[in-house]
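Visitor: These are the residues of each chain, in order.
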Amino acid sequence: MTTTVRVLAPIALGLVLLAVWEGAVALLDIPPYLLPAPSAIGAQVAIILPGLVAAGLATGTNAFVGLVGGAVLAIAMAALASRIRWLQSIVEPLVAAIAVVPIVALAPVLGTMLGAASETPRQVVVGIAAFVPIFVNTLRGLRRSDPVHRDLLRANGASGWQITWHLTLPGALPYVFTGLNVASSLAVISAVVAEYFGGLQNGLGSRIASAAAQSGYARAWSYVLAAVVLGLLFYVATLLLERSRRRAAST
Amino acid sequence: MNAVEVRGATKVFSTRRAEVRALDAVDLTVADGEFVSLIGPSGCGKSTLLRLIADLDAPTAGEVDVFGMAARKARLEHAYGIAFQQSGLLPWRTVRQNVELPLQLHGTAAAARRARSTELLDLVGLAEFAEQHPDQLSGGMQQRVAIARALAEHPRLLLMDEPFGALDEMTRERLQGELRRIVGETGAAVVFVTHSIPEAVYLSDRVVVMSPRPGRITDVVDVERRAMDGADDIREADAFFASVTAVREALHGREGAAPGARGVETR
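Protein chains in written order, with this note's numbering: chain A, 1 to 251; chain B, 1 to 267.
Treat the hints with caution; some may be incorrect.
Unchecked claim - Only part of the chain A face toward chain B is listed, based on derived beta-carbon distances under 8 Å: (1) G23; (2) A24; (3) L28; (4) D29; (5) A43; (6) H149; (7) R154; (8) N156; (9) A158; (10) Q162; (11) L169.
None of these hints come from the bench; they were simulated from the model. As the structure is a computational prediction, the values presented were derived from the model and not from experiment. Glycine included, C-beta positions come from ideal geometry on N, C-alpha and C.
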């Protein structure tokens, strides 16, 4: 398959689905509170575009800050856990426990705990959600070093931390990126969901909730569309980051 | 001062089912500047002995000294360079960065590192590949990078565990020649583990013959170096064949026929 076809085919499919959606709404006379027509959503997007961008920026900033914070913490914790055995046996079950805590359960609690008038609780929610996949993947990568490499570094008198820095961490990088990829989508989802539980009214999540509450269905959908775009942006950004690293390592 | 002194080294590996005596009260002395090969069938403990000298494993009993220091101190002071059967190059580092790794671990400044790696890559004939990554190099070239890396800190001792074991015969002979030249230039002592009798004879001053279960030194063959080095082609000299025969007999003598000595190549 040529590149043109590969790019055009999914776009064509998307256009066909949009046409079917538009036609179905018109033909079956579906009321807008059930499902607004794509044309209506598009019209809303045109009207409130600056608002969409502002809300997207607010949510995107939270997702970004949380993702970076969660990633730094996850990588550092994984590096520590891979070096210190007793720490690992404490941290691993804890992470398993965090992994099953639903974001929707945490968000309202953290909101009141850390102050409803700030972005902090949302960023913390994102950080917790992003932490888990990055920690789990990084630790998996850190455990896979080649015995020959390990012997080589030890033979050269490397300390434990030198082995971590020069061997296990760079070797774990592909795994870190896998974790980042998963975490990037999670970060946007968590940032949006965290806004459903009150606090500041500046992001995509709160706008979706308030638009839906005021029966502005096409408007709600246009914010949903913005959230989708934001999620894709994060995903593509981490993919590009990974690819640039790989290119740097193989040229 | 001797490069290596092993006294009564015993290594027992305990598994859940049984204890394996990989080495049994082995004594070995390698003089400064001497090239010594360890040869023997699989399981004779030759690699274990090398790992004890490198302090990658600790002996169950006995002592290992490297240049008069305990093996552990020698390792931490970078007293030796090492190369394995696998090149063990870090795939995310360039050829140059791989060669510089030992210097970097020892905190050598970047400019000095660069100067030394340039020198070493010239020595092994890979200057033009400095900025490439290991996966772009052939197996023989990777092994040359590994040797350059082993030489990074001017070690007076090289430990080599079948460094040419995974290479084809042609590459192997060429690299054996290069190793002889490099060792001749640096004057370093070498402990060289191999499966191949001709390789051991071609390279060594002495060939240490080992046997398994338990791993012991059964014989030491002095190679007729002087008679060989005068020849146009060492591998065709009479002294070379004489030493090959001597090592072969030392290897097979104990167990009689050749099939007993599994894992030893006679090519």
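Visitor: Each hint should be assessed against the structure and marked as holding or not.
Guide: Each hint, compared with the structure:
1. Hint status for G23(A) relative to chain B: violated, with the closest Cβ pair at about 53 Å, above 8 Å.
2. The beta carbon of A24(A) comes no nearer than 52 Å to any beta carbon in chain B, farther than 8 Å, and the hint placing it at the interface is violated.
3. The interface hint given for L28(A) is violated, since its Cβ lies 57 Å from the closest Cβ of chain B, which is over the 8 Å cut-off.
4. With a cut of 8 Å, the hint placing D29(A) at the interface with chain B is violated, because the nearest CB-to-CB distance is about 61 Å.
5. About 51 Å separates the beta-carbon of A43(A) from the nearest beta-carbon of chain B, more than 8 Å, and the hint is not met.
6. For H149(A), the suggested interface contact is upheld, since its CB lies about 6 Å from the closest CB of chain B, less than 8 Å.
7. Because the closest C-beta pair between R154(A) and chain B is about 6 Å apart, less than 8 Å, the hint holds.
8. Proximity of N156(A) to chain B holds as hinted, the smallest CB-CB distance being about 5 Å (cut-off 8 Å).
9. For the restraint placing A158(A) at the interface with chain B, the shortest Cβ-Cβ distance is roughly 5 Å, inside the 8 Å limit, so the hint holds.
10. For Q162(A), the interface hint holds, the least distance from its beta-carbon to any beta-carbon of chain B being 6 Å, beneath 8 Å.
11. With a least beta-carbon distance of about 10 Å to chain B, the hint placing L169(A) at the interface is violated under the 8 Å criterion.
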